[in-house]
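Please construct the entire structure, taking both the sequences and the accompanying hints into account.
Protein sequences appear in the order of chains R and A. Residue 20 in the working numbering is what sits at position 20 of the first sequence, and the numbering runs on without skipping anything. Residue 185 in the working numbering is what sits at position 73 of the second sequence, and the numbering runs on without skipping anything.
Incorrect hints may appear among the rest.
Below, computed lysine to any residue pairings styled on SDA-like, alpha-carbon distance capped at 20 Å [unchecked claim]:
(1) Lys-11/R to Pro-152/A
(2) Lys-57/R to Ser-115/A
(3) Lys-11/R to Phe-74/R
(4) Lys-57/R to Thr-208/A
(5) Lys-57/R to Glu-68/R
(6) Lys-57/R to Gln-80/R
Cβ-Cβ distance ranges computed for the label pairs, FRET-style [claimed, not checked]:
(7) Leu-39/R to Arg-189/A: 21 to 29 Å
(8) Gly-153/A to Gly-72/R: 24 to 32 Å
(9) Lys-180/A to Glu-56/R: 24 to 32 Å
Just so you know, the hints here were simulated from the structure itself, not pulled from any lab data. Built from N, CA and C at the ideal position, the CB exists for glycine as well.
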Amino acid sequence: DTGVSQNPRHKITKRGQNVTFRCDPISEHNRLYWYRQTLGQGPEFLTYFQNEAQLEKSRLLSDRFSAERPKGSFSTLEIQRTEQGDSAMYLCASSLSGSEAFFGQGTRLTVV
Amino acid sequence: AQSVTQPDIHITVSEGASLELRCNYSYGATPYLFWYVQSPGQGLQLLLKYFSGDTLVQGIKGFEAEFKRSQSSFNLRKPSVHWSDAAEYFCAVGSTTDSWGKLQFGAGTQVVVTP
Chain R
1 DTGVSQNPRH KITKRGQNVT FRCDPISEHN RLYWYRQTLG QGPEFLTYFQ NEAQLEKSRL
61 LSDRFSAERP KGSFSTLEIQ RTEQGDSAMY LCASSLSGSE AFFGQGTRLT VV
Chain A
113 AQSVTQPDIH ITVSEGASLE LRCNYSYGAT PYLFWYVQSP GQGLQLLLKY FSGDTLVQGI
173 KGFEAEFKRS QSSFNLRKPS VHWSDAAEYF CAVGSTTDSW GKLQFGAGTQ VVVTP
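Written out as structure tokens, the structure is:
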């Protein structure tokens, strides 16, 4: 087990296109989190899952964003109709309830 | 509403010198507090955490932090920095609904280590 894995590491897309990112958590971690980090800022919470249930979504998560975690294992984050303001690093983290969160290396999205 | 402030955007320190990074928080109850480090191209790594007990906590890589409730602070320290400590450091506070994973981060402090 090599930790939280995110794919792709980099994505360049044209404005208006849809993109999907994948996160594979550490095995047996029941909680999975998505964050967004823009240049010069700390990560901002987007949403989190306990097993397959999405428990909370930030107000930052507009209607163009959707996240899923089918079967409580890997998760996907989709952004529809991308805008230049969506350019950021998208981080995924996983944990066991009541324990430390481990972060992946992130997916850097550039919208041109 | 909870918040985390890291007053120093950028700190330059000589190798071998001591380092202190400041963090102030605003939170209604006893907070879960964390320090993470992020190296270029890497994910966030937890350095240390505090949620109860001894207010001086030890972490990995020789770091320690002190929780001061009266000052709403959780400053990170290292007695002697190494060139490998050059990175960005984030202070974070856990939420009431998920203290460990739903975190509010400060804006970060970039640490540069000079020879």
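Checklist entry - Are Lys-11/R and Pro-152/A close enough, with their CA atoms no more than 20 Å apart? => result Answer holds: Lys-11/R to Pro-152/A is near 18 Å, not above 20 Å.
Next on the checklist: Please check whether Lys-180/A and Glu-56/R have a Cβ separation lying inside 24 to 32 Å.
Outcome noted: Holds - the Cβ-Cβ distance for Lys-180/A and Glu-56/R, about 30 Å, lies within 24 to 32 Å.
Item to check | Straight-line alpha-carbon gap Lys-57/R to Thr-208/A, limit 20 Å | outcome: holds (15 Å)
Item to check | Pairwise hint evaluation, Glu-68/R against Lys-57/R, where the allowed Cα distance is 20 Å at most | outcome: Given pair Lys-57/R, Glu-68/R holds - Cα atoms ~12 Å apart, limit 20 Å.
Next on the checklist: If I claimed the Cβ atoms of Gly-153/A and Gly-72/R lie 24 to 32 Å apart, would that claim hold in this structure?
Outcome noted: holds (29 Å)
Next on the checklist: Hinted pair, alpha-carbon criterion (20 Å max): Lys-57/R, Ser-115/A. Please report holds or violated.
Outcome noted: The given pair, whose Cα atoms are some 18 Å apart, holds under the 20 Å limit.
Checklist entry - Is it true that the CA of Lys-57/R sits at most 20 Å from the CA of Gln-80/R? => result OK: Lys-57/R and Gln-80/R at ~17 Å, within 20 Å.
Next on the checklist: Checking one constraint from the list: CA of Lys-11/R to CA of Phe-74/R, max 20 Å. Satisfied?
Outcome noted: holds (19 Å)
Item to check | Distance restraint evaluation - Leu-39/R, Arg-189/A, Cβ atoms, bounds 21 to 29 Å | outcome: Holds: the Cβ-Cβ distance is about 27 Å, inside 21 to 29 Å.
Of the numbered hints stated above, none is contradicted by the structure.
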